[in-house]
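Novice: Chain by chain, the residues:
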Amino acid sequence: MINDNANLFLIFGIFTIILGVCGFYCIMVTKNFIRALIGLEILTKAVTLLIIAAGYVSNRIALAQSMVITLIVVEVVVISVAAGIVFGVFKQIGSLNITKMRNLKG
Amino acid sequence: MILTLILLTLLVLAAVWTVMTRSLMMSAVGLALTSVILSIIIFTLNSPLAGVFELSVCAGLITVVFISTMSLTKPITRTEFKKQTKDRIKRYWYMPVIIILIGLGCALMLTAPDLKPLTPAIENDVRNVMWKVRQTDVLGQIIILLAGVFGVVVLFKERKKND
Amino acid sequence: MALLLILIPLASIILLNIGFKNAMTKLAIWLSLAVSAWQVAMIIFKVGFDSLNLVNVFNLEIDGLSSVLLLSIGIVAFCSILVGNGTICCPKKKFNFYNLILLSIIGMNGIVMVRDLFSMYVFLEITAVSAFILIAYQEDKFSMEGSFKYLVLSAVATVMMLSSIAILLMYAGNTSFVMVRDAVQGMNSPLVLTAIALFVVGLLIKGGLVPFHGWLPDAYTSAPASVSAFIAGIVTKTTGIYTMIRIVSEVFGFSETIKMILMIVGLISIFVGALAALGQNDFKRMLAYSSISQVGYIILSLGTGTALGVAGAVFHLFNHSIFKTQLFINSAAVEKQTGTRDMDSMSGLSNVMPVTGWTSVVAFLSTAGIPPLSGFWSKLIIVIALWKAGYYWFAGLAIIGSLITLAYFLYMQRRVFFGKINVNFKDIKEAGASIIIPAIILAAITLGVGIFFPYFINTIIVPVSSVF
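Residue numbers (my numbering), protein chains in the order written: chain A, 11 to 116; chain B, 40 to 202; chain C, 660 to 1127.
Rather than coming from a laboratory, the hints here were simulated on the basis of the structure. Keep in mind the model is a prediction, meaning the values are calculated, not measured. Think of the CB as a built atom: it goes at the ideal place given N, C-alpha and C, for glycine as much as any other residue. Honestly, I wouldn't trust all of these hints.
If you only want the chain A side, here are some residues facing chain C, beta carbon under 8 Å, derived [claimed, not checked]:
no., residue
1, Leu50
2, Leu53
3, Gly65
4, Met77
5, Ser105
Just chain A, with the same shape it has in the complex (with noise of 0.2 Å):
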């Protein structure tokens, strides 16, 4: 049983690295800041893979569940600022092009 539980958990795992993967190439190579966003949405698609798998595997599933609404509720309003926030900066350079932002070098 343990065994079983420690090959499911891994298989969840690989996916979540590979979703996990997916994402930061997304904000990686982007040049659009809505993609960007969609980048880290991934990204928070694959934790909540991996909490829910490793909640499952441990047989806390109604604690990995209450943490799962949590962090969607919290995902939403960052979201949602970060939606308040390109849309400012369309407002100021009137373009989504991520290139065009350089003005601030680190």
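Assemble chains B and C onto chain A, guided by the hints.
Specialist: Coordinates of chains B and C only, in the frame set by chain A:
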């Protein structure tokens, strides 16, 4: 087990399509699709409540947020679009390759974790856990919703008024 | 008591937003000042520390480390609110500013009082969301960009921390500090080590330590003056540095690897930050790099893993949040009066702005570690802790880093405040009272902590060392 594997593969395919598709609108739809598949996976792992949240909030509300942001901002012109398309292929074709390589690498390299059996949880009803064990999180949710409402008012509403 | 620190700011936000727009716009500043002053008084006089412990359904606790942070949150918020009153133009924006400050006070108070990894994440996000809005809400191209950069990097950091929390949940069955500590310590499974690494890297991003510092100068520089004082002074310190101290010393424990990583990251941050600060022309950008460098000292001290090292880290954290806020307030005064942040175009401002000039001297001498100011004592503790733990090289390099700090601040002072006055700025006056008063308060704290150091060693170091 087989069902889970199929669903997970679909999830990754949906995510890849979300990232690689050319049109921003399609990308938002792809994200919603990813969310739907994720919520099905969550259902199959005995977590109906979290699944419902994922389905309604992530697939529904967040898509609405994205699409309204897109409609508030200007879509790119046709020439820019063509230029971008050429450029995009260069930037994005690595991704499927990287993903397949990393997936294979992980499958070969990683081994199952050494889990110790835990004692069964005291409380197995998610509503009870939410309200009796994790009240701090509920309080936090209320506050962050307040912050979000405030942020949306400040960032969207007042800015539109100034124009 | 602990719960009140969250509920009272929350109640004031609700009160400010239920209606009566005109009256509330006037009331906002007094209410937010009162809330932060009440927090400071609460911690100093320890009012009702034990009496209200009945209501502990929310698992909030206050110990020595939390008190130090709560105190600095109160002080920095109080001063930033005053500066906001002096620098923000229209009443509407001022009103939003006070509300957002109150929201981030709630978030930070939550962070320092929770004893659970996941709840900590929730409060981190509350603080972060209010910080994003604070940076962005005044329409300005640069601030939008700085805010967006901060948002993306912070979101990546929280994703890392959440994956770590998921793995730890699987091993511990819960996410409270105690349960996770019992499950994790002494465990060498690769998955647990990955989880610890993910969490630590996430915190390093949040704190703006060197390999991950790209967002920090932009966010600090692009924010409005009062906001950058608040964010540089306390927000990143609470979200990145306090959390690191708490989590490493109470949950993960000091393994040799963690110690080495922290010390090396700290040392690199000290030097990269200090050397980059030497080359800046923008006043605020220089302060931002200086902040990276000072945070490096905190992390270096934490990396020793001894009680003295942790105490030094906490003491320097407190001092740093005081004098860095003050330097940002001075830069706000200079920017407001001269309309520029370019240090090359200023000179001799001390002649026309004596208070700003002399309070900034106090702050920079403290940053550089000159006795008898507060920064000297905390740096002394850090160096002694490094020496006692046997890291002689690190101790020597920390002292050299301090000399570079002295160099760039002297260079800054010479360019901005001393020398012959630039003819363009001959007729400017000292900034208004609401900028000078916080600068004087903070300079007095820096001086007071330095002079009455024996008293502070008993109130700060002894309680913190009892963590072990």
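Novice: Now look at each hint and say whether the structure bears it out.
Specialist: Consistency of the hints with the structure:
Checking Leu50 (chain A) against chain C by beta carbon gives a least distance of about 5 Å; that is within 8 Å, so the hint holds. The interface hint given for Leu53 (chain A) is met, as the beta carbon of that residue sits about 5 Å from the closest beta carbon of chain C, less than 8 Å. The criterion of a C-beta within 8 Å of any C-beta in chain C is met by Gly65 (chain A), whose closest approach is roughly 7 Å, and the hint holds. Contact between Met77 (chain A) and chain C, as hinted, is supported at the beta carbon level, the nearest pair being about 6 Å apart and thus within 8 Å.
With a cut of 8 Å, the hint placing Ser105 (chain A) at the interface with chain C is violated, because the nearest CB-to-CB distance is about 12 Å.
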